[in-house]
Amino acid sequence: MKAAVLTFPGSNCDADLLWAVQEIAGQEAALVSANTEDLTGFDLVLVPGGFSYGDYLRSGAIAKFAPVMGALKTFAANGGYVLGICNGFQILTEAGLLPGALQVNTSLEFICEPEPLIVANHQTAFSNQYAAGQTISLPIAHGEGNYYADPETLASIEAHQQVVFRYAENPNGSLNDIAGLTNEAGNVLGMMPHPERAVEALLGGTDGLGVFESLIAATKGAVHVAN
Amino acid sequence: MYKAKIFVNYKQSVLDPKAEVIKHTLHRLGQDNVQDVTVGKYFEVLLEGAHDAVAAQVDTLCDQMLANVNMESYRFTLEEVSQ
Amino acid sequence: MYKAKIFVNYKQSVLDPKAEVIKHTLHRLGQDNVQDVTVGKYFEVLLEGAHDAVAAQVDTLCDQMLANVNMESYRFTLEEVSQ
Amino acid sequence: MLQTEPTPEQIRDQKPYLQLGLTEAEYALFTKRLGRLPNYTEVGLQSGMWSEHCAYKYSKPILKTFWTKNERVLMGPGEGAGVIAIGEGKAVVFKAESHNHPSAVEPYEGAATGIGGIIRDIFSIGAKPVASLDSLAFGTRFDAHNQNLIDQVVAGIGGYGNAIGIPTVGGEIQFDASYQDNPLVNAMCVGVMDEKDIQRGQAAGVGNAIIYVGAKTGRDGINGASFASAQFSKEEDADRSAVQVGDPFMEKLLTDACLAVTQKHQKALVGMQDMGAAGLVSSSAEMASKAGFGMTLDLDLIPQREPGMTPFEIMLSESQERMLLCIRTGFEQEILDLFAGYDLDAVVCGRVEAGHQYRLLHHGAVVCDIPVGLLTDAVPTYTTTPKQPARLAHPAPDFTPTITDIDQTLRALLALPNIASKRSLFKRYDAQVQTNTVIAPGGDAGVIRVRGTHRALAMTADSNGRLLALDPEIGGAITVAEAARNLVATGAEPLGITDCLNYGDPSKPEVYYELQASAKGIVEATKVFNTPVISGNVSLYNETSGVGIHPTPMIGMVGLITDLDAITTVAFKQAGDVVFLVGATGDDYNGSSIQYLQNGAYAGRLTGFDLTQEKAIQDKMLKAIQAHLVNACHDLADGGLAAALVEMGTANRLGIKGSTALSAAQFFAETQGRFLAAVPPAQQAAFAAQMGKDAVVLGTVSDGEFVLDLADAKLDTTIADLAAIQEEALAWQLK
Ligand SMILES: Nc1ncnc2c1ncn2[C@@H]1O[C@H](COP(=O)(O)OP(=O)(O)O)[C@@H](O)[C@H]1O
Ligand SMILES: [Mg+2]
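Residue numbers (UniProt numbering), protein chains in the order written: chain W, 1 to 227; chain A, 1 to 83; chain L, 1 to 83; chain E, 1 to 735.
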């Protein structure tokens with residue numbers, strides 16, 4: 001598997017993702033500047049956490065104008081796997097690659113804590129290594145992770161089983177306890193919790209490895225379109 | 001030159017955590033005459049150009065950048081200003 | 001019942017990173033006719049009461065809670081509205 | 001506006017420098033050394049550079065007594081931050097800084113810019129910032145003002161640190177009436193680098209370029225700005241604010257770009273320094289002076305955020321997120337291009353000159369032309385004749401608590417703000433970004449592993465104002481010892497310290513006494529623990545209405561772990577482990593939490609501290625941890641054995657079942673030099689042998705019951721009950 005880790009000005013989890021994919025999961029990966037306009041040759045594009053362009057307007061609102069976004073849309077439209085984590089999730093919703101939006105947490109506070117999650121759909125490219133209904137623990141670290149979508153959108157998300165992870169103890173007000181969800185086609189996932197922060201026992205747990213292992217399994221033998 | 005005054009607000013169906021906290025605090029402080037609070041953003045943008053072109057440009061700017069239309073709505077006015 | 005429309009903005013000498021980033025992005029996208037951007041907050045508060053009492057209350061509210069007077073200035077208008 | 005500035009003669013006659021914080025004697029000295037009357041810009045530069053913050057007028061004699069060097073120190077005080085070798089070609093860089101006053105005025109931005117400033121100190125040395133800590137002190141009256149202050153300071157620290165992507169891995173938050181009107185906001189940053197890349201803030205080599213990079217210069221944070229505008233400008237003040245707003249996004253770009261310069265453009269780089277206190281003048285003058293050169297700057301080239309800024313304003317602005325570099329002639333474009341790649345404004349704004357003159361040009365005129373040493377080295381130092389405060393001459397009689405209901409007492413103790421968990425506050429900090437955090441806030445020390453090595457660093461920030469108020473010398477030594485104890489509990493060997501000296505007005509004999517006495521205690525302890533002071537910061541005049549804060553030196557200590565498997569945490573891991581109490585317990589209650597609980601105040605002399613004994617216990621404890629004999633370890637501090645036992649059980653809701661010869665009162669004693677260790681049964685004999693008479697068995701870890709037979713009382717409850725109090729008490733009081 002060959003992964004691109006996008007780097008926007010202000011991204012701060014890009015190096016962490018690179019480390020998780022390269023050093024821990026043992027896959028090929030490269031940092032790719034948000035100024036790039038070509039994502040040819042990658043099986044997976046990772047959109048990292050952080051504060052792209054400061055997140056000063058709204059999380060992810062400026063990043064969607066980065067030069068790489070056109071290529072990312074093409075990549076996703078062609079069925080390529082895209083995983084957005086935290087700010088990456090916010091960017092994907094702002095860019096319209098995922099439904100809904102992320103609001104400020106109901107506590108109005110940034111929250112950094114390990115959070116129990118339920119694997120709501122284990123039959124996706126991102127979760128096939130987990131058991132159905134399994135509870136895992138992943139860290140969250142965000143101030144704006146409160147998932148919102150209007151009622152019709154929410155109904156459609158549920159009808160298409162797009163929710164992959166739900167909070168066991170909703171920390172931020174997210175509708176339907178949504179912690180992570182895919183697009184309807186199932187090749188784009190956004191999640192607020194950080195799987196890349198849970199891949200080493202030394203750092204407190206390995207429950208996040210499943211996400212990367214699922215993608216490795218999905219890319220093996222799957223058909224890719226590398227535009 | 002035009003000054004665009006732009007208001008961005010949560011749509012009514014969206015619960016706004018910031019507004020809730022302010023209202024709740026005011027009630028806790030005994031200001032029970034406060035019926036409702038909304039929190040929005042206010043932008044001013046100065047632009048050169050002809051009225052209609054600027055109006056179209058500001059509309060796109062709001063739709064694409066200043067507001068997230070999944071949860072926010074916007075309105076704006078244009079005022080001609082001298083340099 | 002009155003509706004207070006409240007505008008809160010940074011004072012001029014205060015750095016506004018939000019406005020800088022927005023302006024810079026617009027220029028990067030080729031919208032060179034954008035001369036200036038300011039970013040502020042806009043609140044609406046609905047309050048019961050007599051005009052002058054409400055005005056005083058809103059002023060305190062702005063001064064104590066909605067604006068940080070060390071670095072922000074505020075202005076507001078009051079409009080009578082029917083319930 | 002230029003024409004409204006006073007002439008040199010008007011300055012001499014009207015003495016506007018008094019409002020800038022200079023004395024008549026200082027002005028006279030400067031004028032005499034200059035050989036002419038200084039103009040307004042020059043007096044402005046003098047006021048900035050001769051301020052306590054830049055010149056350490058009162059504190060230099062104290063700082064000189066610090067022990068600053070051992071075999072591992074690569075760079076001691078005098079640069080942006082100090083550096084210590086940690087092996088495998090790597091070095092650790094750290095420093096702490098106070099932002100007390102800015103945070104009192106504008107809590108969010110004050111705290112945020114405090115973090116921003118200390119980060120720049122670290123990467124200006126060439127180190128990648130890898131962790132931050134914060135030490136906060138607030139008043140005990142939780143009125144709306146204080147609640148907002150606490151909330152906004154915490155939000156500001158998180159707002160900046162989280163955005164820039166540096167994990168906050170430790171710190172402390174304490175409450176004492178002494179800080180009600182003078183909160184303390186001290187921030188510490190730790191960086192890691194290759195030893196070979198260390199660089200200094202110097203501007204050498206005739207003709208080399210001075211490059212300014214980062215945010216534009218505005219009128220924020222100008223020393224005496226209010227004076228300048230009130231006296232000499234017609235402008236409306238209502239639209240002016242001296243508050244500095246932090247821009248972590250800009251700082252992230254600046255960090256990455258400057259590290260690229262130090263790592264990949266070493267041929268081009270002569271020196272680099274951040275613009276901190278007294279902004280452009282202090283960074284440029286110090287860089288030239290340190291290297292023994294002169295400098296000319298053209299102020300028209302300085303990026304400015306507002307029109308019409310005067311040289312005074314440009315030079316003394318404390319706008320954030322700015323750096324100054326000295327670059328070899330011929331390499332200018334290479335460096336400008338590099339910064340452009342990060343979307344940063346950078347300009348060549350001056351040159352290094354032969355000789356020692358410091359010259360500023362503005363609109364074609366020379367607005368300053370003085371020997372640079374006049375700014376950096378001519379500053380007089382002051383000492384005050386110390387006088388022992390009366391309270392120290394006549395300490396209150398020793399306190400002994402009376403415990404009638406141990407269960408009730410324990411519950412009340414756990415709810416004290418200083419004992420209660422601070423998680424509701426520090427969970428607002430991103431503790432894990434960079435994915436190196438082994439121990440996040442909540443442990444005895446934060447621990448991060450060092451990528452590319454088999455090592456980890458432990459770090460802690462500690463202060464004990466209430467103890468120093470009772471005895472500054474012993475209190476100072478205890479603070480160092482406690483910091484070391486925190487590191488040892490995680491399995492780290494202490495390496496060195498940074499400090500923030502937070503005190504009242506040093507011209508008061510009593511305050512000066514406190515400064516001197518506490519420095520004495522600190523120096524003695526740093527030698528015993530082999531932890532030299534490699535950097536630090538001084539914050540004086542922490543007073544309101546003439547009343548100063550407790551003398552509060554904040555000690556930031558960093559330690560080294562060479563075996564990642566030996567890293568030890570506070571939490572009990574499994575029922576059945578044997579719980580040992582390490583170190584002797586005495587009847588030491590003065591200055592303790594139990595005294596505060598029962599008397600509402602801390603009083604008496606400090607007893608039960610022995611530096612040599614403390615060091616011996618710490619060494620033994622560290623050896624046991626390094627030998628993998630220990631499953632969990634915790635140092636004893638506030639709240640003594642009582643608080644420590646609960647803290648170990650909280651995370652996994654594991655209790656204790658045991659008995660001890662200690663009395664109910666001693667359960668709450670705060671004798672220094674003690675640890676608790678949980679030892680797997682298989683290692684019990686080895687541990688006991690290693691510790692000898694210094695460790696006694698207290699009991700075994702239980703599934704949840706919390707039962708302890710004391711000499712004169714019996715405690716019988718559950719950890720779930722106690723943990724809930726300890727976890728929720730503070731959050732509840734701050735709502
Ligand atoms: N209390 C202290 N202990 C040790 N060193 C100190 C202390 N205070 C200041 N220093 C050292 O003096 C130098 C100048 O400090 P400072 O002016 O605070 O730095 P900055 O320019 O970053 O504000 C630094 O090297 C700092 O480490
Ligand atoms: Mg510095």
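It is worth saying that the hints were derived from the structure and are not from the lab.
It should be emphasised that the depicted structure is a prediction, and the values quoted were computed from it without experimental measurement.
Here a beta-carbon is modelled for each residue, glycine too, at the ideal position from N, C-alpha and C.
Hints are not guaranteed to be accurate.
Claimed, not checked - In silico BS3-like links for lysine-lysine, alpha-carbon gap of 30 Å or less: (1) A/K11 - L/K41; (2) A/K3 - E/K216; (3) A/K11 - L/K5; (4) E/K573 - E/K387; (5) E/K90 - E/K422; (6) L/K23 - A/K5; (7) A/K11 - L/K3; (8) W/K2 - E/K735; (9) L/K11 - E/K196; (10) E/K422 - E/K735.
What the hints assert, rightly or not - Anything over 12 Å on all C-beta distances counts as not near chain A; from chain L, calculated: (11) M1; (12) T25; (13) G49; (14) Q57; (15) N70.
Worksheet item: What hint numbers does the structure not satisfy?
Response: 4, 5, 8, 9, 11, 12, 13, 14
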